[in-house]
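Q: Here the sequence shown is numbered in this note's numbering, starting from 1 and rising by one per residue.
If you are wondering where the hints come from, they were derived from the structure by calculation, not from laboratory data.
Glycine is no exception: its CB is placed at the ideal position from the N, C-alpha and C atoms.
Heads up, a few of these hints could be off.
The following label-pair restraints were derived from C-beta to C-beta distances [what the hints assert, rightly or not]: (1) Glu-65 with Trp-103: 15 to 25 Å; (2) Ala-151 with Met-27: 38 to 48 Å; (3) Leu-156 with Ile-20: 43 to 53 Å; (4) Gly-114 with Gln-16: 37 to 47 Å; (5) Glu-65 with Asp-26: 34 to 44 Å; (6) Trp-103 with Glu-82: 43 to 53 Å; (7) Arg-55 with Ile-31: 14 to 24 Å; (8) Asp-26 with Leu-83: 31 to 41 Å; (9) Asn-19 with Thr-154: 43 to 53 Å.
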Amino acid sequence: MVGSESNYYGVYLLEQGANIFKAKLDMEVQIVDELALAAVEKAGGTVSTAFYDRRSFTALCNPVEYFLMGKPIHKRLLPPQELVTYYTDPKVRGYLSDPAKIWESRNELAQKYGYELPELSEEQKLRMLEGKKDPRQVFYGLPPGSIVNLADETVLIPENNYFKKHAAM
């Protein structure tokens with residue numbers, strides 16, 4: 001994990017241990033190298049690379065502390081201009097890239113490293129894409145503007161368009 005001394009925050013997925021990796025995981029990281037990506041996909045999992053600004057990364061690292069503040073969940077910022085190319089690149093499974101090109105890149109990587117990708121129906125592919133977060137979402141299943149009340153074990157999700165517009169600025 002890279003943190004406070006850097007301008008870029010997040011989890012970097014590296015190739016160490018790729019030769020013994022067997023778990024089927026769906027993960028979101030900030031940086032991935034090619035061999036690590038191949039290891040996860042060979043095992044049947046998926047990787048998505050996504051940018052997190054400092055505030056969003058801090059919230060993800062300590063969600064309880066973040067939710068105890070009682071504030072609406074903020075929007076995740078988009079990547080700075082110098083990182084847009086990385087996060088729109090299907091070869092690193094960028095969260096802003098074209099989903100159709102990601103499927104092509106998955107096949108190319110499987111051929112390069114000599115493994116078979118599991119066969120997926122169009123419906124399964126669609127379900128995988130539907131399970132992805134919105135690019136501005138910090139927490140899976142919690143849109144910006146939501147308030148999490150840990151004491152009452154409730155989540156208030158904005159439904160009103162006026163509230164959505166103003167709370168998620």
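Q: Work down the list of hints and note, for each, if the structure agrees.
A: For each hint, the structure was consulted:
1. Glu-65 with Trp-103: 15 to 25 Å: violated (38 Å)
2. Ala-151 with Met-27: 38 to 48 Å: violated (30 Å)
3. Leu-156 with Ile-20: 43 to 53 Å: holds (44 Å)
4. Gly-114 with Gln-16: 37 to 47 Å: Hint violated: Cβ distance 20 Å, outside 37 to 47 Å.
5. Glu-65 with Asp-26: 34 to 44 Å: violated (25 Å)
6. Trp-103 with Glu-82: 43 to 53 Å: Roughly 27 Å apart at Cβ, these two residues miss the hinted range, so it is violated.
7. Arg-55 with Ile-31: 14 to 24 Å: Cβ of Arg-55 to Cβ of Ile-31: about 19 Å, so the range 14 to 24 Å holds.
8. Asp-26 with Leu-83: 31 to 41 Å: At roughly 22 Å between Cβ atoms, Leu-83 and Asp-26 fall outside 31 to 41 Å, so the hint is violated.
9. Asn-19 with Thr-154: 43 to 53 Å: Taking Cβ atoms as reference, Asn-19 and Thr-154 lie about 46 Å apart, which means the hint holds.
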